[in-house]
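Protein chains in written order, with numbering that gives the first Met the number 0: chain A, 0 to 132; chain B, 0 to 132; chain C, 0 to 132.
Treat the hints as calculated values from the structure; they're not laboratory data.
Keep in mind the model is a prediction, meaning the values are calculated, not measured.
Among the hints, a few may not be true.
Since copy identity is lost for identical chains, a pair holds within one copy or between any two.
Said to hold, decoys possible - Only pairs whose alpha carbons sit at most 20 Å apart, straight line, appear in this in silico EDC-like list of lysine to aspartate or glutamate:
hint, residue 1, residue 2
1, LYS2, ASP54
2, LYS2, ASP132
3, LYS11, GLU59
4, LYS2, GLU59
5, LYS8, GLU67
6, LYS76, GLU131
7, LYS2, GLU100
8, LYS76, ASP54
9, LYS2, GLU131
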Amino acid sequence: MHKGSIAVKSSKRIEFIDITKQINHAISASGCHSGICYLYNPHTTAAVTINEGADPAVQEDLIKIFGEMAPNNRHYKHLEGNSPAHAMTAMIGNSSLVFIENGAALLGTWQRIFFCEFDGPRSRQLHWRLRED
Amino acid sequence: MHKGSIAVKSSKRIEFIDITKQINHAISASGCHSGICYLYNPHTTAAVTINEGADPAVQEDLIKIFGEMAPNNRHYKHLEGNSPAHAMTAMIGNSSLVFIENGAALLGTWQRIFFCEFDGPRSRQLHWRLRED
Amino acid sequence: MHKGSIAVKSSKRIEFIDITKQINHAISASGCHSGICYLYNPHTTAAVTINEGADPAVQEDLIKIFGEMAPNNRHYKHLEGNSPAHAMTAMIGNSSLVFIENGAALLGTWQRIFFCEFDGPRSRQLHWRLRED
C-alpha cells in the first residue's frame, strides 16, 4: 500500500483541472505495477471525476450544464452562498478509483482525471491511495 | 477485513442523515488503524455521500436543488411515483469510500458522511466493509 | 485478485443495459467467495450505476429526467454535439463497486447493475476487478 496527497491550485470559481500527470507520477514513484488507485477529495465544494480531456470545450460545456442544473440565482438558506458548489460536489462525487496496469492508470483513450473546483479560486489537496494486486 | 451493516431510520420523504458516528464506531470496533472503508447502500431510492455537515442549511439547499433537477410534477411511467428518487440515487451514487487513518475516517474539516433518503420515511440499512493496509 | 472486461453493445443513443448477469458470471468464474468487485467504465460518454431493475419504466423515467437536466437543444462549444452525454457520465460516474458474498454480487432486492450508454449505439467495454477478502 502506498499513499499521499497532491496539491491543486485553482484560479477560477469553477474549473476542471487535469491531474492525470500527478496521479501517474504518484503511481510511478510507488513502483506499483498492477492494482487499484483510489482518489479522495477532502473538500465539500470540490469533486473528482474522470472524463474527456482532449477538447477543452467539453469542460466548458460541462460547467455550463452544471451551472444551469444548480443555478446561483436562487434563494438559498446557507449564507455562504455556495450551495450550488456543494450540490455539484454531491452530483459528481468526492471519490473515484482507477485501475493500474503496467505502472500507470488504465484510462480509456479520451479519459483524463480531473479535480473539479466548484468554489475557487483556492488551494486544495487530493488524497490518493494505491493498493498493489 | 471487517464488515457489517448499520441501521438507518428516516423520518421524512427526503432527508440527509449524518452517519459519521456509526461509521467511526464500526472502524473503531474493528481495530483497523489504517486502510479503506467502503460504503454500500443496497436500496434504489437512497444514496450515500460525503459533504458539508456543519450548517444544516446546506442539506436543505441540496434538497431544494435536487428537487428542482428531478421534479415530482412530471408525467412518469413508473407507477410507484418515485422516479425522481431513483434519479437522485443515480446522481449521488449508492456507494462511496473513505480512507482510514489513526483508527478513524480521514474526513476533511467540514466533511460528514450522509445517508441520503429520497423516498422515506423508511427503515434502511447501509453495508460497510473495511480493509486494513 | 481477478480481472477482466465485458463487452457491451448498445442499440440506442441513451440506454441502460443490465449487466448483472455478466458480472455475476465473472465473479462465479473467478471462484471468489467473499470480497469486493470494482467496476470501471473506460469511456467518456457512458457510465455505470446500480439501480432498480424490476420495472423497465424506471429506466425510461431516468432517461427522461437526465435528458431534461442536460438538454440537447443548447448551444454547446464541443463540436461533436455530445456534451450532454459527457455531463450525464460525470453525474452518474464511470466507476462503482459492489460487495461479494457467497460467490455473487451482494445486491439489494431491487438492485441491478447497469451499463449506461449516453452516446450510442456503440460497441463498448467495461473493466472489472475482484479482490477476495
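Each hint tested on the structure:
1. LYS2 to ASP54: This pair counts as neither: shortest intra-copy Cα distance 31 Å, inter-copy 31 Å.
2. LYS2 to ASP132: Cα proximity of LYS2 and ASP132: in one copy and across copies (15 Å, 10 Å).
3. LYS11 to GLU59: within (12 Å within a copy, 26 Å between copies)
4. LYS2 to GLU59: neither (32 Å within a copy, 35 Å between copies)
5. LYS8 to GLU67: Answer is neither; intra-copy 25 Å and inter-copy 32 Å both fail.
6. LYS76 to GLU131: The answer is neither: 45 Å in one copy and 40 Å across copies each exceed 20 Å.
7. LYS2 to GLU100: both (17 Å within a copy, 11 Å between copies)
8. LYS76 to ASP54: Intra 37 Å, inter 10 Å, cutoff 20 Å: inter-copy only.
9. LYS2 to GLU131: Both ways: LYS2 and GLU131 sit 12 Å apart in one copy and 13 Å across, limit 20 Å.
Consistency with the previously given hints fails for numbers 1, 4, 5, 6, ordered from lowest to highest.
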